[in-house]
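**Student:** Using the hints, position chains B, C and D against chain A.
There are 4 protein chains.
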Amino acid sequence: MTGEQDPQPIDAPAGASGHVATRLTLEQAAAVAEARAASRVTRRVVAPALEELLYQAIPVLDKGFVRVIDYMGDDHAIVQAARVSYGAGTKTVRTDAGLIDYLMRHQHTSPFEMCDIKLHVKLPVFVARQWIRHRTASVNEYSGRYSEIADTFYEPEPSAIGRQSSLNRQGSAGAVSPGAAERAIDAWRDGAVQAYEQYQALLTDEDDAVAREVARIGLPVSHYTEWYWKTNLHNLLRFLELRMDSHAQYEIRVYAEAIGQIVAAWVPLTWASFLDQRFGSASISAKAMGVLRAELAGRSLDLEGAGMSKGDARELREVLGLEPPAG
Amino acid sequence: MTGEQDPQPIDAPAGASGHVATRLTLEQAAAVAEARAASRVTRRVVAPALEELLYQAIPVLDKGFVRVIDYMGDDHAIVQAARVSYGAGTKTVRTDAGLIDYLMRHQHTSPFEMCDIKLHVKLPVFVARQWIRHRTASVNEYSGRYSEIADTFYEPEPSAIGRQSSLNRQGSAGAVSPGAAERAIDAWRDGAVQAYEQYQALLTDEDDAVAREVARIGLPVSHYTEWYWKTNLHNLLRFLELRMDSHAQYEIRVYAEAIGQIVAAWVPLTWASFLDQRFGSASISAKAMGVLRAELAGRSLDLEGAGMSKGDARELREVLGLEPPAG
Amino acid sequence: MTGEQDPQPIDAPAGASGHVATRLTLEQAAAVAEARAASRVTRRVVAPALEELLYQAIPVLDKGFVRVIDYMGDDHAIVQAARVSYGAGTKTVRTDAGLIDYLMRHQHTSPFEMCDIKLHVKLPVFVARQWIRHRTASVNEYSGRYSEIADTFYEPEPSAIGRQSSLNRQGSAGAVSPGAAERAIDAWRDGAVQAYEQYQALLTDEDDAVAREVARIGLPVSHYTEWYWKTNLHNLLRFLELRMDSHAQYEIRVYAEAIGQIVAAWVPLTWASFLDQRFGSASISAKAMGVLRAELAGRSLDLEGAGMSKGDARELREVLGLEPPAG
Amino acid sequence: MTGEQDPQPIDAPAGASGHVATRLTLEQAAAVAEARAASRVTRRVVAPALEELLYQAIPVLDKGFVRVIDYMGDDHAIVQAARVSYGAGTKTVRTDAGLIDYLMRHQHTSPFEMCDIKLHVKLPVFVARQWIRHRTASVNEYSGRYSEIADTFYEPEPSAIGRQSSLNRQGSAGAVSPGAAERAIDAWRDGAVQAYEQYQALLTDEDDAVAREVARIGLPVSHYTEWYWKTNLHNLLRFLELRMDSHAQYEIRVYAEAIGQIVAAWVPLTWASFLDQRFGSASISAKAMGVLRAELAGRSLDLEGAGMSKGDARELREVLGLEPPAG
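Chains as they are written, first to last, in the numbering used here: chain A, 5 to 331; chain B, 5 to 331; chain C, 5 to 331; chain D, 5 to 331.
If we strip away everything but chain A, and leave its shape as in the complex, we get (with noise of 0.2 Å):
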């Protein structure tokens, strides 16, 4: 899925494919619909675009996905946060958008912190290894110790696998071409179904069983697993920053994009002011300035045409040193 769909929860319609067995197991597609079902009255905040989204599964890769189980604040609870810090000043920024843009444009982030959210993630392993660098987390994750590993390996989609560039030694230039696709995903495919022959069979010996936690070790990184991960958006933020660069693995970039279509939903206002002023941003070095105010010096352009406000474009004239706008 691309950053520009609507999540498509793939247990939302009746008679869905039968993909979801592929996904969620039966036992955990029963336990969303009665979660779906159930409805509480509170007290607290409640962001109803997100409640429509609460616990569906929205299809990740091949067999992964994203469910959001849990989350507490929106795009209000952050203003109010920042209020009490910077109190009456606040005010004379009216909207809640304008605060939020100022809030993220000047690296004051301890209101987004104010706000989390609980996901239940099911992904590749070796894509969990990435995953798992964002140390500012709590992670539950299912465990090849105490439980047995399903039979779930990831296999890319032919235009998903890159040919190795000589130039960009992390990424990839284009896909390869399907014949190569065909015998990679062929190996991939007979390497995951011996070893996990292999892993059934030193389970179940008669006599004598290997323990779960030494059995594993024959599986490829790319079986899945789950987890349960709950963050900040502060910390969110900085995780979609990384993972939706075009410089991320197109594997953790999938799951990252799917998590930010959850973002908008439940804090519009914060996920409109993260693309213009984080992701979408660029940071020009000190000495790069110098070049660009020589060369714009005297100019005036119209960033208000362009959809800044006026506090953007002020400071940024500032930067720039260009000329504040005509009358």
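Worth flagging that the hints you see were computed from the coordinates, not collected in a lab. You may find that some hints are simply not true.
If several chains are the same, the list does not tell them apart, and a pair holds so long as it fits within one copy or across any two.
Using 25 Å as the maximum straight-line C-alpha spacing, the simulated SDA-like pairs for lysine to any residue come out as follows [what the hints assert, rightly or not]:
no. : residue 1 : residue 2
1   : Lys67     : Gln202
2   : Lys314    : Leu246
3   : Lys67     : Glu159
4   : Lys314    : Thr99
**Tutor:** Just chains B, C and D, lined up with the frame of chain A:
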């Protein structure tokens, strides 16, 4: 207030005492009433006993309070997160209470991290300085740079003015005499009144108003500040373990006790387990364990009769070298 | 002191001014001399310019200081850690300076976390309250519960007493008049003297000495405290970015500037990169980038002439839609 | 290796076994030798016994290792930081060992945070996945996106292949039979060889080389990775408490034990205190304490004879309701 009393929200009863004015501002009291009157529908888990307390100010010290602004999760959410990690195996522990006890005893902390609470606290600066040392929390504090500081200073009850112990460096040995207490309170009050008058004079000097951020430097550490403070349940229990302790300073201990009442309403199973397995427990060193084992060798104590679960009792018998119960 | 000056350790020159006594205690000064005289052999990496500064008190404000107590790592350790992650590929970046610039620009923060520094700081309480908001650090603060607080209060220079701006809520608009400054300083001094006399009286009341932990509540937030503060280089740079900023309060900015001098001695390549890529950089929003791209379309700016590396210049040209340099 | 043995650096003795090649690369071995030969002068505190170990690879499992790359602080630095906080009062505790014991017993953790250690670790991916759950550390891991993964896979010793226990879900009940072990090892080896051949084929397909970041998804979790891992002593002890525990998986326990040997060389007083007050201690619940107090009422146990300090013994007597020692 002590840990045994029910929290008495000051703004709950109609016709409450004039104390409200000294704690909540009129604006705050109106916001509390409005927030409590609202009622929304949610699919999230709800903790009914905590909903009752939501937004209400629980009085602490002479002019402070603690209010719950928001929360996420409940006892069952902890159990659910644990079952993700420990899988089918945890089904052998039949009850939620038993599983929570198991997690608490074995320091499986991540499921407790899945619950969050956001508090609004009004507290003296010297208490805030101890409190902030707990780093794993998010804070938005009222800023004396942006806004004027209010004329609100802590004055201890005479019974709370401890005598300096010559033995116990940290704490105090009972209260000072009534006369000494009166002298101290008078001196603090005079000092605060004078410091605040000076502060006001600096802020309002006709042509030469001193900036708020500097003007405040003469205010005593007894002046009240306010903040929003958000943390997860695991870190909150750690805070309570240290700050409800008899060696904690009285003025922070009463805040911890008020929060303890909130936790008891929010996650009653976790609270009971915390009191038994953590707060009321003792840590016995390896050397001491050697002595105890020798002393108790071969005995059979009635641990179950004291209310210990079978699992707890079995583990303790192993550790202490006790005989299993007869029969 | 300002960011441009060299740090002037107060205890370095023999026959230094009497200021030492008001900053370091005699006991502390003796410990500094002893520690500096010692010399040991190590296999660890050593930062020679920082060794020169080790243990010496760099004066800040009227009675405060910053001293380096210990450190771990240097510029080369950052490079080494990065090469572990990015492997053979990073060999294409030939110089250490180039690699550090690359890490700084792309927010690859973990290599900077590999360096640590431990500082001893003497600072007013109201500064400590801002400082401690940076949570990713370890702190051991002098305790007013366990020990008696010294008679040391911050008195601003007249030029540091800002006038409250009616526009700029946070900061101040130039200094107040000399007369107003004198009145303010007199008032703060009188208040501090009186509060300290009262504190002493409470502590030494013949039969009824008030416990230290309570007696202190009348002391103004201008009194000095001390702490050991340890953090890693990544978090330290984040601290400096926010606290060296012109919007930071003067009294914490001068500490940040003193620490900046220390960092410049410790990791000079990282410091230069920080100033160019972070502290002196500007963040341009997506909307503003649209305007700039339109304005600059088709131009070819001499970025290399401004001192930008080829890699930096190439990235910026892509972002801004600039023409590559001729030839 | 077990916790009782001295660490045996594999690269120390001239003419050491051929194991070096399978653990350190030739390039790494040369770097170790060069780093160990260098000798520098510093004013910082030095831990001589740890200097002896610096840079050397301590072998763990069949192909892994732990090496100390850098460190900061020693036992005395902990004591010094504690005396800043607890001031003159701590002078009544005469010895460094006594003060460290006091800090350990009362969970005064911040002084232990003042020491840091940086390790280079080579470990299987499934061990790395458990290790990384300790979030309060800095990590630079070898990246399979940027560099090619080496042909190095973990093969357990037959004695390390546990039998799955039907009672104890987590652990294992002794080793499987030699025949079953041989079958398992053969299967893992065949799987690893085949997966690595496939990986190489994908990387080197003439026209259609698959990107490294995707090609690796078929490699089993037994393949070795490497990282630099830096943490402070407080968090390291927490890691060791959990991972040296008998319930930890064998493959991570041996790493924890190797690190334990390093800590013993680095901060011997802290290590001894940790073993007595934390690792070897028992936590007794409030309910169990009630039973023990009743059972021991009025007795006088020879706690000092077991090596407990007077302070420890006095505290334990209070907790257990024991009589003070006669005389």
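**Student:** With reference to the structure, classify each hint as holding or not holding.
**Tutor:** Each hint, compared with the structure:
1. Lys67 to Gln202: Answer is both; intra-copy 22 Å and inter-copy 23 Å each pass.
2. Lys314 to Leu246: between (29 Å within a copy, 24 Å between copies)
3. Lys67 to Glu159: Answer is within: at 9 Å inside a copy they meet the 25 Å cutoff, but 30 Å across does not.
4. Lys314 to Thr99: Close inside one copy (13 Å), not across copies (43 Å); limit 25 Å.
When the structure is compared with the earlier hints, no violation turns up for any of them.
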